[in-house]
Every structure is written in structure tokens, then in C-alpha cells.
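Participant: Fit chain B with the ligands to the known structure of chain A by using the hints.
There are 2 protein chains.
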Amino acid sequence: MKIAILGVGTVGTSVINILKKNRHMIAARAGEHIEPVIGVVKDLKKPRECDIELTDDIDSVIDRDDIDVYVELMGGIEEPYEIISKILDKKKAVVTANKALLAYHRYALQEKAGDTSFGYEASVGGGIPIIKALREGLSANKIEKIVGILNGTSNYILTNMMQSGIKFEEALKQAQDLGYAEADPTFDIEGYDAAHKLLILASIAYGVHGNPEDILIKGIEKISSEDIFFAKEFDYEIKLLAIAKKTDNKAELRVHPALVSKEKMISKVDGVMNAISIYGDALGESMYYGAGAGGDATASSVIADLVDIARENKNPMLGYKELSEIQKIELLPTSSIRTKYYLRVKVEDKVGVLAKITNLMSDNKLSIDTFLQKPRNKNENHTTLFFITHTSLEADVKRVMSLLEKEDFVDGRPFMIRIED
Amino acid sequence: MKIAILGVGTVGTSVINILKKNRHMIAARAGEHIEPVIGVVKDLKKPRECDIELTDDIDSVIDRDDIDVYVELMGGIEEPYEIISKILDKKKAVVTANKALLAYHRYALQEKAGDTSFGYEASVGGGIPIIKALREGLSANKIEKIVGILNGTSNYILTNMMQSGIKFEEALKQAQDLGYAEADPTFDIEGYDAAHKLLILASIAYGVHGNPEDILIKGIEKISSEDIFFAKEFDYEIKLLAIAKKTDNKAELRVHPALVSKEKMISKVDGVMNAISIYGDALGESMYYGAGAGGDATASSVIADLVDIARENKNPMLGYKELSEIQKIELLPTSSIRTKYYLRVKVEDKVGVLAKITNLMSDNKLSIDTFLQKPRNKNENHTTLFFITHTSLEADVKRVMSLLEKEDFVDGRPFMIRIED
Ligand SMILES: NC(=O)c1ccc[n+]([C@@H]2O[C@H](COP(=O)([O-])OP(=O)(O)OC[C@H]3O[C@@H](n4cnc5c(N)ncnc54)[C@H](OP(=O)(O)O)[C@@H]3O)[C@@H](O)[C@H]2O)c1
Ligand SMILES: NC(=O)c1ccc[n+]([C@@H]2O[C@H](COP(=O)([O-])OP(=O)(O)OC[C@H]3O[C@@H](n4cnc5c(N)ncnc54)[C@H](OP(=O)(O)O)[C@@H]3O)[C@@H](O)[C@H]2O)c1
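In order, the protein sequence lines correspond to chains A and B. The opening residue of the first sequence carries number 4 in my numbering; numbering runs sequentially from there. The opening residue of the second sequence carries number 4 in my numbering; numbering runs sequentially from there.
Among the hints, a few may not be true.
The list treats identical chains as one, so a pair stands whether inside a single copy or across any two.
Claimed, not checked - With a straight-line Cα cutoff of 25 Å, these simulated DSS-like cross-link-like pairs (lysine-lysine) come out: (1) Lys-23 - Lys-324; (2) Lys-24 - Lys-253; (3) Lys-271 - Lys-148; (4) Lys-5 - Lys-317; (5) Lys-317 - Lys-115; (6) Lys-95 - Lys-324; (7) Lys-5 - Lys-324; (8) Lys-331 - Lys-24; (9) Lys-377 - Lys-353; (10) Lys-148 - Lys-24; (11) Lys-267 - Lys-235; (12) Lys-343 - Lys-235; (13) Lys-249 - Lys-24; (14) Lys-248 - Lys-23; (15) Lys-368 - Lys-409; (16) Lys-24 - Lys-248; (17) Lys-265 - Lys-235; (18) Lys-148 - Lys-23; (19) Lys-317 - Lys-95; (20) Lys-5 - Lys-145; (21) Lys-221 - Lys-265; (22) Lys-95 - Lys-115.
Hints are computed from structural coordinates only; laboratory data are not their basis.
If we strip away everything but chain A, and leave its shape as in the complex, we get (with noise of 0.2 Å):
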């Protein structure tokens, strides 16, 4: 099987070499050898990590007949949707890693393909088989909910804080020395990735339409060291989390930080590690758990590809044969979301003041679960109070922060966290 390699970067690199390390091996389980036998870069003068060909033409690639696969590691959005849709045009099977390009355009790839091999298993979770073990392993599952920690820079800043109890700039710092977070980490910490990933996870568990736009998505930038502090008093573990579960015959995705409790199996996910937990009405609850990036994992999922399709395994590339069959499931506008939530407000430390606000939250719908205020330091005329609710309405939540931070003896904005039950 000869496959064709667009992007020899990090993860490309890591495909080719794991081709050739592990070539007999990959041979024997495949039925056949798969030779990477040309890759396409921008810049033929950057100094490569591997052994092959390359060329920066990437039309005479995708017009050459003895290519049987074209795997796209290139990164992007519409440059990688009009080269894959070419390549599909010729009946030629693809195998991608880019998350970006399928949380816009799965569905649009999906009828394309029709009966030609796609593959994305590296999209979500790295070297994690999430979109196998979804796809085709709970196939027998009606999927209640999906909780993932789909982002590894997020997890090991969180991890990072949480157990060290530095704060979010210099965890960041710390991630991005260490070579966990870019430069620029606005997509990793501000949850796009997470959400890009869940879309896909969506598709497969709900046959959702809906892009990262329609969905809620918060990032893990202003976690303080007093949310830390509440979480370790009261036994959380503070996690970004992507959630996706039916709620009333819709589907409510969601990506934000979240408190969990310490004895979920998710909360133990520590430092840059990925995890998805997955519950299904056969089955109950699942995880799977791994590195969510790396050239080396990420390579291991695309090579899993290319395995299923010289074995001519034909699983419907989003996990449904005949859609027709399967209800049309709409997205959950984001203010209906109920779940239980967390409140950071602070105030003038002088009397009456939690009355107010407890009479506020009550007048709103907000009932009252847990309640702390925090030991004030001498000489502070204000004091921080942390509250947790029972399960209320988004909409409810966000109009009492808003009114809370209209009032005199509240300094700033009020901050939520969501909690994961």
C-alpha cells in the first residue's frame, strides 16, 4: 500500500519513522507493507528527521495513480477541505489528524467519501482509539453522556496549579518552557481545541450537525488560586472539561472548566494526559486514557488508519450507516443548560451583606447547596464568599452574577465554575 504524506512536520515525521521501525511487524498484522513513499512540505530547504522523498508540488502528488492513500498532516482549515475534497474526488482514501478541518467540515467529507475509506482517529484524544472505541466498540450503546479531558496543555497547567499552588500565568509559563503550550496558547487554553475534538465525539454518539460557534466553550484563563483553594477544601479536582450528553432529545455540548469530584475516575487524570469518559446505557460508564498529542502517539492512531484500510475494514466514517434512521438531534441552546454550579463573589465584609445575596440568589431560582467564606486577612475590608447551588439554569445563574455585580458591595465580577456530577 503506498500512501502519500501532506505535512512532514511533528506528527508526519513521527508516521514515517514508526513506518520503518516497526515496518514487519505493521506488515504482518496489516496484510500488506505500507510505504510512505513521498511527503510534501512547504520548505524543502528545513532540515527533515526522516528518510524520504519530498517535494513542495502537492498537485503532482495528488495527481500521481500509485498513491493509495493520502494521509493529511498539514494543519489548517479550507486549505486541507479543497486538497482532501480532490483526493476524494478519485475515489482515493484519506487519513487525517486535523480536528480544525473536521469540527467545520465532517459532514461535508462524510458525503464526499461516501464508500472511500476516512480516517481521523489521531483527531481526537492522540493515540487514544476514542473513535474506535465509540464508533465501533459501544456500537450497541445508546451514548447518555461523553466527559473528556481532551487537552493536554490545559490539564498540566491545571495539574500544575492545583498540586504546586502556583498561579495560572506562571503555570503557563512552566507548560510553555517545558514545550507543552505554543507560544501563542489562546486555542489550547481557551478551549477551542477541546471543542473542535468534541464536535467530532458528538457526531459519532448523536449524529449532531453544529459547528464550534453554536456551542459553549470556556477556557481555563481566569482559575484563580482562591478556586483552588475552594476546590482542595471541598475535595474537587479542577479539570477543563468537554461535555456532551442528551438532555430532552437534545444534544448539549459544552467546554469549560469544571469542579470534579476526587472520586470520579476523570478527576485522577493528571499533567498533559488525555481521558475520555464515556456512558452508555449497555455498558455504564468507560474511560479511555493516554497522551492526546505528541508526534510518536499521534502517529500511532494514524497508523492505525492505514492498518483498518489495508484490512478493507468499512466502518461508517461518522458511526452511522443510514442516517435516515436515526432521529435529527439539535443542539441545546447554551442558556437551558442545568447543572449544579459554583460562585466566587467578593465583597465588603460587613453585616448583611450575605443576606442579600442569598436573598438575590433565592429570588432568581438559585437554591443554595454549600456556602464558605474564606478566614479574611487583618486590615482587608473585603472578603471573598464561595457558593455552591443545586441544580439551576444557566440563564438563572448568569442574570444573578450580572445583578450581584451591579451592587455597591461587590468588588468585580463574580466568577462561576461549573460542576461535573
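Facilitator: Frame of chain A, contents of chain B with the ligands only:
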């Protein structure tokens, strides 16, 4: 797709009920309806919790031409082997959850099956799609090691002993009362069930042949309160582990209780849950966690196999399309195992005893990493010594233990637990 259910017990009943409950969704995923048309049982008079035509004449079912897939859920070894052989002779697809059958006959069944589909996802890890993960998701990887908690009964008992401080006998009784252990629990607590599953995983990882008799199998029945005390003191959990790894181009397979550092993800798996950590050369560690038993969880895997057959997926049964290409790998003799060991020795509490033991150890190539003497109760003239060795040869540890047993100052038999590092 018409299927026959051979054995309508715990798992068979769940398979029938889930196929009915999730009928449309499963059809949308599989591309066709999966219809259980006939069930085979021993006793037609027993009440059943599912709706299917039943017979006790298995031959009449095997002779039918309209059945596409036979699902074996009877249990046993030789009887299902003969039945499945007949079915495969007729080139009809088979799905089974029967790990005992596969522990003995997997290679013979692979040969008989040839190109006919043979699914056995449910045989290891219940509902966890671990066969799929290892055989397909990790196909790019040389497997360095597999470490599994493959028996929920044992894990439930050990978790309970660690968390509630109760003794083995009491924990076993509680497990039986809750239905987590059978009236005769031998098979689970002595490690045989886990060993059957380990042999299956090791075939996919290494292509290694071997029966349960050929590998090291130890149970949890001798774990004492003192071992629990030590584990807590030194931040270990005690787990019944099934381990397969490659050592010097031999496959090392063993099932035994092990001390596992609390930092390892697998140490966090509590109660009846199962989990399998796999270390691959490309991916590093990944872990798969979920319900290892129970009718519905196991049925989830059985039905995943049926969907795979409907989708016409063609994965080689034991993971290799061309066995000739991989090296024949042999089992490592159990005496050649090398790991770290925990030793518990009850001795007379008098001067010179410790020196004698440490001399005896060093004369026999055991070097000590950690030593603890338990605070002695007043009025006792015996005390318990705990040692952790550096990495040592199993044969050396066994020799030291039998030498110690012969010493006057040693009371009873020294006890050993292997350490998973
Ligand atoms: N890195 C990971 O851990 C990881 C994990 C999961 C998924 N992914 C996904 O995998 C994909 C690749 O990631 P990566 O980290 O390997 O990226 P990378 O290191 O930046 O490599 C990208 C490669 O594509 C080439 N390229 C980019 N645009 C091109 C164009 N227009 N024409 C020809 N070649 C072009 C680049 O050429 P030059 O070398 O000449 O610049 C480079 O070789 C992305 O979609 C990413 O989201 C990555
Ligand atoms: N239970 C689990 O959680 C689990 C998990 C993983 C794997 N498994 C495996 O799945 C298989 C089935 O387990 P199970 O718990 O469902 O067993 P079970 O409840 O004992 O059911 C066995 C069924 O097979 C029938 N049967 C047995 N021998 C037969 C024969 N000679 N002819 C016709 N019918 C026969 C029995 O008939 P009657 O009902 O008339 O007695 C019964 O319906 C076993 O291989 C087991 O190891 C089970």
C-alpha cells in the same frame, strides 16, 4: 442479519433485550437489522426475562440455513469447542464471550475460522472494547507491556480490604452477599479467570502460544491484614494483576497479587471495575477502564462484534494476517521472572535475627531496598519483618523463602508479593 443465541443465561438474555431496546439505533449503525431468531437452552421450563423462541435441540439450530451468526454464551470448554467447530465448518460467523474456551483453543479456532468472522470482544474486560483497542487501535505499536485488572471479584475484595480494613474472609463473604462473587469463588480469587483473559491479550500482542498451565498464576487468598498495613504505610495499593511483557524476546506472562504505587493510574481502579494498561513503543501508556462483567456490559461487547460483522469488517482474529512474518515467540520460564519483591517474615524478636536474615538474603543475591519492623504488641515474643528487594530473580527469592522457612527463628512460612513498577 439473523442470529442464534446459544445459551440464554445472564449474558444471552441481555443481548436479546438490548438488541430489542436499541433496535433502530443499532440498525442505523450496522446498516441492517440484527434479529435474534432462536435461543438454545438446557432447561426449557426455566423462566426467562426475554422474548425469543427457545429450543433445547442445538443440532437443529446448527443445521438451519437461515442463521447468519451464532452467538455462543453457554460456557464450558470442550462442548462449545465442538459446537463452534461444526458452525465454522459451515462457514457461519461466530461470536463468543467464552474466555475459558479461548484460553485453550484460540489458535485452533483461528485456523478453523480462516476468513469466517469470529468475534470475542466480550471474552476480556466485559464491556471494555479492549480486543479492538489492542488488535486495531494499537496496531502500529510494538507492545512492551500489558498490565490488567481483569477480575472484578478479586478487585472488589482487595479494595474492600484496603478501604475498610477487613480481612480476606470477611471481604469475600460481603462480595458473595452482594452477588460479586460466586458460591465457589475459586476460579476468580485464585487468578484463573484473569489468566484466561491474559492469554487472549498476549496472543494479540505477541502471537504467543500457551495454556493456563504454562504460566504463573497466584491468587489473593493469602493476603493478610499485615500486608494491607504495609501497603498503606508505603503508599501502595494491592491489586490482582495480569501482566504480559516481552523480556529478551520471550513473553513473560503472570497473574498474581502485586503492590502497585499509588501514582500509577491502574492503582486507582477500585471495586468491581476492570482496567487494562497497555504500553506501546509509539503511544506509551494508554488505559482502558470499565465494567468487566455483568449481563448488559458483556452484551455491549457481544453486540459490537455483531455490528462489526454486519459492517463486513475483516480484522484478523488474533491480530495477525500473516503469522509467518512475525517471529515465533516463546514463554519465559516462571523462574526467570525478574521484578521487585515484598517479603513478610514472622520471626522471634531477639538480637541477631535481622542480621542473619539479611546475610542469608545477600548470600542469595537479594539486595534490600526497604525494611520495616512492625511495632510489636506487648506480651508477644514474635514480630513481623517486611522487606522490599531491588529487582531480583524469582528463583532467588523462592530459594531465600524456603531457606528462611527452615530457620528456627522463623515462624511459619514467609510470604511474598511481587511489586509492579
Ligand atoms: N502535534 C501533535 O501533537 C498533534 C496531535 C493531534 C493532531 N495533530 C494535528 O496534526 C496536524 C499536523 O500537526 P503537526 O504538529 O505535525 O504540524 P507541523 O509540525 O506544523 O507540520 C505541518 C507540516 O505541514 C507542512 N505544510 C503546511 N502547510 C503546507 C502547504 N500548504 N503545503 C505543503 N506543506 C504544508 C509543513 O511544511 P514545512 O515543514 O515545510 O513547514 C509541515 O511539514 C494538524 O492538523 C494538527 O492539528 C497534531
Ligand atoms: N456473566 C458475565 O458477567 C460474563 C462476563 C463475561 C463473559 N461471560 C461468559 O459468557 C458465557 C455465558 O455466561 P453467563 O453468565 O451468561 O452464563 P449462564 O447465566 O450460566 O448462562 C448459560 C446459558 O447457557 C445454557 N446452556 C449451558 N449449557 C448448555 C447446553 N449444553 N446446551 C444448551 N444450552 C446450554 C444455559 O441453559 P439453562 O438456562 O437452561 O441452564 C444458560 O441459558 C460464559 O462463557 C462466561 O464465561 C460472562
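Participant: The structure should be examined with respect to each hint, and the outcome stated for every one.
Facilitator: Evaluation of the provided hints:
no. : hint              : in the structure
1   : Lys-23 - Lys-324  : between (35 Å within a copy, 19 Å between copies)
2   : Lys-24 - Lys-253  : between (47 Å within a copy, 20 Å between copies)
3   : Lys-271 - Lys-148 : both (19 Å within a copy, 22 Å between copies)
4   : Lys-5 - Lys-317   : both (19 Å within a copy, 20 Å between copies)
5   : Lys-317 - Lys-115 : both (16 Å within a copy, 24 Å between copies)
6   : Lys-95 - Lys-324  : both (20 Å within a copy, 23 Å between copies)
7   : Lys-5 - Lys-324   : between (28 Å within a copy, 18 Å between copies)
8   : Lys-331 - Lys-24  : between (45 Å within a copy, 19 Å between copies)
9   : Lys-377 - Lys-353 : within (14 Å within a copy, 55 Å between copies)
10  : Lys-148 - Lys-24  : between (39 Å within a copy, 18 Å between copies)
11  : Lys-267 - Lys-235 : both (15 Å within a copy, 21 Å between copies)
12  : Lys-343 - Lys-235 : within (18 Å within a copy, 35 Å between copies)
13  : Lys-249 - Lys-24  : between (43 Å within a copy, 17 Å between copies)
14  : Lys-248 - Lys-23  : between (41 Å within a copy, 23 Å between copies)
15  : Lys-368 - Lys-409 : within (19 Å within a copy, 74 Å between copies)
16  : Lys-24 - Lys-248  : between (41 Å within a copy, 19 Å between copies)
17  : Lys-265 - Lys-235 : both (10 Å within a copy, 19 Å between copies)
18  : Lys-148 - Lys-23  : between (39 Å within a copy, 21 Å between copies)
19  : Lys-317 - Lys-95  : both (14 Å within a copy, 20 Å between copies)
20  : Lys-5 - Lys-145   : between (38 Å within a copy, 22 Å between copies)
21  : Lys-221 - Lys-265 : within (22 Å within a copy, 32 Å between copies)
22  : Lys-95 - Lys-115  : within (11 Å within a copy, 34 Å between copies)
Checked against the numbered hints listed earlier, the structure breaks none of them; every hint is satisfied.
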